[in-house]
Amino acid sequence: MRKRQAKKRPLLPDPKFNDQLVTRFVNMMMWDGKKSVAFKIFYDSIAIIEEKKQDDEKTGLEIWKDALSNVMPHVEVRSRRVGGATFQIPMQIRPDRKVSTAMKWLISFARKRNEKSMAQKLASEVLAAAKEEGAAVKRRVDTHKMAEANKAFSHFRF
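Numbering (our numbering), first residue to last: 1 to 158.
Think of the hints as simulated: they come from the structure by calculation, not from any bench.
There's no promise every hint is true.
As the list claims (entries may be wrong) - Listed next, the in silico SDA-like pairs over lysine to any residue satisfying Cα-Cα at most 20 Å (straight line):
{"hint": "1", "residue 1": "K35", "residue 2": "Q20"}
{"hint": "2", "residue 1": "K98", "residue 2": "K40"}
{"hint": "3", "residue 1": "K40", "residue 2": "K138"}
{"hint": "4", "residue 1": "K52", "residue 2": "K116"}
{"hint": "5", "residue 1": "K138", "residue 2": "S124"}
{"hint": "6", "residue 1": "K65", "residue 2": "R111"}
{"hint": "7", "residue 1": "K151", "residue 2": "S79"}
{"hint": "8", "residue 1": "K131", "residue 2": "E62"}
{"hint": "9", "residue 1": "K35", "residue 2": "L12"}
{"hint": "10", "residue 1": "K138", "residue 2": "A152"}
{"hint": "11", "residue 1": "K52", "residue 2": "E115"}
{"hint": "12", "residue 1": "K35", "residue 2": "K53"}
Claimed, not checked - Have a look at the derived ranges for each label pair, beta carbon to beta carbon:
{"hint": "13", "residue 1": "D142", "residue 2": "K116", "range": "27 to 37 Å"}
{"hint": "14", "residue 1": "N18", "residue 2": "A85", "range": "22 to 32 Å"}
{"hint": "15", "residue 1": "R97", "residue 2": "F156", "range": "39 to 49 Å"}
{"hint": "16", "residue 1": "R78", "residue 2": "L11", "range": "25 to 35 Å"}
{"hint": "17", "residue 1": "R78", "residue 2": "V37", "range": "27 to 37 Å"}
{"hint": "18", "residue 1": "K35", "residue 2": "K112", "range": "21 to 31 Å"}
{"hint": "19", "residue 1": "R81", "residue 2": "K151", "range": "16 to 26 Å"}
{"hint": "20", "residue 1": "K116", "residue 2": "E148", "range": "31 to 41 Å"}
{"hint": "21", "residue 1": "A152", "residue 2": "R24", "range": "28 to 38 Å"}
{"hint": "22", "residue 1": "S79", "residue 2": "S108", "range": "20 to 30 Å"}
{"hint": "23", "residue 1": "A85", "residue 2": "S117", "range": "19 to 29 Å"}
{"hint": "24", "residue 1": "Q5", "residue 2": "D56", "range": "25 to 35 Å"}
{"hint": "25", "residue 1": "H155", "residue 2": "P10", "range": "32 to 42 Å"}
Ideal Cβ positions, reconstructed from N, Cα and C, are used throughout, including at glycine.
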């Protein structure tokens, strides 16, 4: 490799919950560099989760973290050319990639929901994911099924 690996920049924890994971999520959700807008959407959705939640022992942030861990995939399929044929090869995912994939799925499926505001969309997607349902969890299940179906090709790993 000619180029060095890019350095991981340290993320500042968010002002309200003092959590780096929240900042990472908000950075992914942000459009056009409007971070304050993204933070407002996130905090509003956490407030909506606080109102809608069923169990009283968990905070909105804990429900969000549960949802994130429910959406995290453990294996994924990667395409690999072997002798003219393309095989889908199941691979383990690096921990940081697990988290970012889960965040991307949560955000994209929240955006596709049809509710009034992005905060409401995000809140309902998070609540669904925390209960092991919703589109983002379905995506994880589908990914795992794909990996399971292509387990026969795992000897082509590189």
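Do the hints match the structure? See the list:
The straight-line distance between the Cα atoms of K35 and Q20 is roughly 14 Å, inside the 20 Å bound, and the hint therefore holds. As the CA atoms of K98 and K40 are separated by approximately 25 Å, the hinted pair breaks the 20 Å bound. Simply put, K40 and K138 have alpha-carbon atoms about 28 Å apart, too far for the 20 Å limit, and the pair is violated. In summary, the hint linking K52 to K116 is supported, as the alpha carbons are separated by about 16 Å, within the 20 Å threshold.
Between K138 and S124, the direct Cα distance comes to roughly 15 Å. Compliance with the 20 Å bound is thereby established for this hinted pair. The hinted pair formed by K65 and R111 meets the criterion: a straight-line CA distance of about 19 Å does not exceed 20 Å. At roughly 13 Å between alpha-carbon atoms, K151 and S79 fall within 20 Å of each other, so this suggested pair holds. This hinted pair checks out: K131 and E62 have alpha carbons roughly 13 Å apart, not beyond 20 Å.
A threshold of 20 Å between alpha carbons decides the hint, and for K35 with L12 the separation of about 13 Å falls inside it, so the pair holds. Taking the CA atoms of K138 and A152, the gap is near 23 Å; set against the 20 Å cutoff, the hint is violated. Between K52 and E115, the direct Cα distance comes to roughly 15 Å. Compliance with the 20 Å bound is thereby established for this hinted pair. Restraint check for K35 and K53: not satisfied, since their Cα atoms lie roughly 27 Å apart, outside the 20 Å limit.
About 28 Å separates the C-beta atoms of D142 and K116, a value consistent with the hinted range of 27 to 37 Å. Take N18 and A85: their Cβ atoms lie about 51 Å apart, and the range 22 to 32 Å is violated. Separation of R97 from F156 is about 20 Å and departs from the stated range, judged on CB atoms against 39 to 49 Å. The given range of 25 to 35 Å is respected by R78 and L11, whose C-beta atoms sit roughly 27 Å from each other.
Between R78 and V37 the C-beta distance comes to about 35 Å, which sits within the given range of 27 to 37 Å. With their beta carbons about 23 Å apart, K35 and K112 fall inside the hinted range of 21 to 31 Å. The beta-carbon spacing between R81 and K151, approximately 19 Å, falls within the hinted interval of 16 to 26 Å. For the pair K116 and E148, the supplied restraint of 31 to 41 Å holds, since their beta-carbon distance comes to about 38 Å.
Against the hinted window of 28 to 38 Å, the Cβ-Cβ separation of A152 and R24 comes to about 36 Å, which satisfies the hint. Between S79 and S108 the C-beta distance comes to about 21 Å, which sits within the given range of 20 to 30 Å. A beta carbon spacing of about 47 Å between A85 and S117 contradicts the range 19 to 29 Å that was offered as a hint. Between Q5 and D56 the CB atoms are about 45 Å apart, so this pair departs from the stated range of 25 to 35 Å.
Between H155 and P10, the C-beta spacing of about 39 Å keeps the proposed range 32 to 42 Å intact.
Against the hints set out earlier in the document, violations occur for numbers 2, 3, 10, 12, 14, 15, 23, 24.
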